[in-house]
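Following the hints, put chain P with the ligands in place on chain E, whose structure we already have.
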Amino acid sequence: MARYGMVMNVKACLGCRACMAACSQWNQTPFWADEFEGKWRTRVTEVEDGKFPEVKRQFFPTICMQCVNPPCHSVCPTGATYINKDGIVLIDYDLCLGCGYCIEACPYDARYPYEREDLKKDAFYFGEDARHHQVHVDKCTFCVDRLEEGEEPSCVATCVGHARIFGDLDDPKSEAAQLVNSGQAKPLGEYMGAQPKVYYIK
Amino acid sequence: MDLIQQHTWGWFIAIYLYLGGLGGATLALGILGELRFNKSKWFGIGTSLLGLAILSFGLIWLVFDLLNPLRFLLSFWVKGIAHSWIARGMVIIMGAYIFGLLYAVAAFFKWTTFKKWIGYAAMFCGFGVTTYTGLLLNANVGIPFWHTPALPVLFTVSAFSTGCAIIMWTLAGKNDHDSEHLFHAVEGFDIFLISLELLILFAYFDFARLGNAAVMKSAHLLLNNPLFTIGFIILGLVTPLILEAYASVKENSKGMAAFASLLVLVGGFLLRYLIVWAGVFQYPHGLAG
Ligand code: SF4
Ligand code: SF4
Numbered sequence: 001m002a003r004y005g006m007v008m009n010v011k012a013c014l015g016c017r018a019c020m021a022a023c024s025q026w027n028q029t030p031f032w033a034d035e036f037e038g039k040w041r042t043r044v045t046e047v048e049d050g051k052f053p054e055v056k057r058q059f060f061p062t063i064c065m066q067c068v069n070p071p072c073h074s075v076c077p078t079g080a081t082y083i084n085k086d087g088i089v090l091i092d093y094d095l096c097l098g099c100g101y102c103i104e105a106c107p108y109d110a111r112y113p114y115e116r117e118d119l120k121k122d123a124f125y126f127g128e129d130a131r132h133h134q135v136h137v138d139k140c141t142f143c144v145d146r147l148e149e150g151e152e153p154s155c156v157a158t159c160v161g162h163a164r165i166f167g168d169l170d171d172p173k174s175e176a177a178q179l180v181n182s183g184q185a186k187p188l189g190e191y192m193g194a195q196p197k198v199y200y201i202k
Numbered sequence: 001m002d003l004i005q006q007h008t009w010g011w012f013i014a015i016y017l018y019l020g021g022l023g024g025a026t027l028a029l030g031i032l033g034e035l036r037f038n039k040s041k042w043f044g045i046g047t048s049l050l051g052l053a054i055l056s057f058g059l060i061w062l063v064f065d066l067l068n069p070l071r072f073l074l075s076f077w078v079k080g081i082a083h084s085w086i087a088r089g090m091v092i093i094m095g096a097y098i099f100g101l102l103y104a105v106a107a108f109f110k111w112t113t114f115k116k117w118i119g120y121a122a123m124f125c126g127f128g129v130t131t132y133t134g135l136l137l138n139a140n141v142g143i144p145f146w147h148t149p150a151l152p153v154l155f156t157v158s159a160f161s162t163g164c165a166i167i168m169w170t171l172a173g174k175n176d177h178d179s180e181h182l183f184h185a186v187e188g189f190d191i192f193l194i195s196l197e198l199l200i201l202f203a204y205f206d207f208a209r210l211g212n213a214a215v216m217k218s219a220h221l222l223l224n225n226p227l228f229t230i231g232f233i234i235l236g237l238v239t240p241l242i243l244e245a246y247a248s249v250k251e252n253s254k255g256m257a258a259f260a261s262l263l264v265l266v267g268g269f270l271l272r273y274l275i276v277w278a279g280v281f282q283y284p285h286g287l288a289g
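These protein sequence lines map, in sequence, to chains E and P.
Residues in the first sequence are numbered consecutively from 1, following our numbering.
Residues in the second sequence are numbered consecutively from 1, following our numbering.
Bound conformation, chain E alone (with noise of 0.2 Å):
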């Protein structure tokens, strides 16, 4: 049992989006999809702050939040979405109606829909390994498969500027957990109500 969390500092993001290609060939998430908006586990937006000629410009990544009260979770009706003992909400695609509303309820944006269009191109780019074989809502698992396997998660793995901070909240030695506890990361949105286990330094 653990608590897993993420601590994002945005003032660490080179913007190069490693991870989201690091996370788009792991999980299979549609790459080929046209709109850049569109379907991502985790995406950085380039945002500009400030007014001329005091623009900054800024990368900031966003992902699933791991919501401790999640509404993606009240909200599904067969139980697909699910929390795990480490307090990671997945998907059972099996029991996925495909009705979106999940997409819909999640504050944080966090969930696409994974169509019949996507599947065709899972099995295209990656033939017998395609790890996609039925329409389902699609989001982030904090790379759920690697964790078994003592690794980090894929973006995390793979971020080039330490802005990707990853580990069990409960464990009061872990940079994460110092991060939160320490009030420097704070979660987005908080009176949504959601309770995010994804943190930002600004």
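These are calculated hints, taken from the structure and not from any lab test.
One or more hints might be untrue.
Derived coverage of chain E by chain P (criterion: at least 3 residues anywhere in the stretch with Cβ under 8 Å from a Cβ of chain P; other residues may be distant) [stated by the list, open to error]:
hint : segment
1    : 13-25
2    : 94-105
3    : 145-159
4    : 187-195
35 Å max Cα-Cα, derived DSBU-like pairs, lysine-lysine [stated by the list, open to error]:
hint : chain 1 : residue 1 : chain 2 : residue 2
5    : E       : Lys120    : P       : Lys79
6    : E       : Lys186    : E       : Lys202
7    : E       : Lys85     : P       : Lys79
8    : P       : Lys174    : P       : Lys79
9    : E       : Lys186    : P       : Lys116
10   : E       : Lys120    : E       : Lys173
11   : E       : Lys85     : E       : Lys173
12   : P       : Lys116    : P       : Lys174
13   : E       : Lys202    : E       : Lys85
14   : P       : Lys41     : P       : Lys110
15   : E       : Lys121    : P       : Lys79
16   : E       : Lys56     : E       : Lys202
Glycine included, each C-beta is placed from N, C-alpha and C at the ideal position.
Coordinates of chain P with the ligands only, in the frame set by chain E:
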């Protein structure tokens, strides 16, 4: 601010929300009319079956909105009933079918006491269906224009108003005393409902005026959309209100009231469609402030 309109649900869901509310309200009002106004058994049977038919037609749209419509059978697996409005809705809808059909059978065979109690259960489920369509949207915490207790109230009142319109249509051609009596009772009830709807809308937009940026954006989108201001508010609410109020004090005015109910029916759909369309949320990077 990175505010954008949701794009997961579109007019398929809007049609479902509309027909679900309409079907549920027709079922509930039809049975109420039959039980309270001693209408003929065929009125009760007809309106309850009509309500269920409308509901069924609505469910088709919901099924076609699924990623894979063939998976609809999974919707009977309501493991999320403790917290999900789709799961709860499925149970309420099943209740509406079971009690509605039993009511029709009981009405046909004139099992009076059984019919009354089953009728109440069917009415309760019909009412439940109308309210749940609003609660369904309400659960989306990231879309603050939907995440307000006013939404289920608005949808319920609107659904009953459209239900009144259907009942008036079924009665418009009949000239016997009972039908006339019920027609005018429904007409009066509809005048009350439309007035209430206007009041709720006023409260809704007043809340939006003082709300956060996403709520304001939703309200702004609606108030700048002629489909909402002219289509829904003027033609779908104010005009039928005036027409029905006028018809209620005039003899031989059923035609006018029937026309007003047609406007109410169109307005009801526009309301669902536009509320779904105007669901605005904020990208997470916008939440960082
Ligand atoms: S971020 Fe969204 S998808 Fe992830 S757990 Fe929270 S509500 Fe669910
Ligand atoms: S799309 Fe799947 S995971 Fe999402 S709410 Fe519906 S059944 Fe649950």
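Each hint tested on the structure:
Judged by the Cβ-Cβ criterion of 8 Å, the segment 13-25 of chain E is not covered by chain P as claimed, because only 0 of its residues qualify and three are needed. Closer than 8 Å: that is the beta-carbon criterion, and the segment 94-105 of chain E has 10 residues meeting it against chain P, so the requirement of 3 holds. Only when three residues or more bring their CB closer than 8 Å to a CB of chain P does the claim for the segment 145-159 of chain E stand; here the count is 0, and the claim is violated. A stretch counts as covered by a chain when three or more of its residues have a beta carbon under 8 Å from one of that chain; for the segment 187-195 of chain E and chain P the count is 5, and the coverage holds.
With a C-alpha separation of about 30 Å, the suggested pair Lys120 of chain E and Lys79 of chain P falls inside the 35 Å cut-off, and the hint holds. With a CA separation close to 9 Å, the supplied pair Lys186 of chain E and Lys202 of chain E stays within the 35 Å bound. For the hint linking Lys85 of chain E to Lys79 of chain P, the alpha-carbon distance of about 19 Å falls within 35 Å, and the restraint holds. As the CA atoms of Lys174 of chain P and Lys79 of chain P are separated by approximately 47 Å, the hinted pair breaks the 35 Å bound.
A threshold of 35 Å between alpha carbons decides the hint, and for Lys186 of chain E with Lys116 of chain P the separation of about 58 Å lies outside it, so the pair is violated. Straight-line distance between C-alpha atoms of Lys120 of chain E and Lys173 of chain E comes to about 44 Å, which puts the hinted pair past the 35 Å bound. With a C-alpha separation of about 21 Å, the suggested pairing of Lys85 of chain E with Lys173 of chain E holds against the 35 Å cut-off. Between Lys116 of chain P and Lys174 of chain P, the direct Cα distance comes to roughly 25 Å. Compliance with the 35 Å bound is thereby established for this hinted pair.
For the given pair, Lys202 of chain E sits about 30 Å from Lys85 of chain E by alpha-carbon distance, which is consistent with the 35 Å threshold. With a C-alpha separation of about 8 Å, the suggested pair Lys41 of chain P and Lys110 of chain P falls inside the 35 Å cut-off, and the hint holds. Distance hint between Lys121 of chain E and Lys79 of chain P is fulfilled; the C-alpha atoms sit about 32 Å from each other, no more than 35 Å. Of the pairs offered as hints, the one joining Lys56 of chain E and Lys202 of chain E holds, with about 13 Å between alpha carbons and a cut-off of 35 Å not exceeded.
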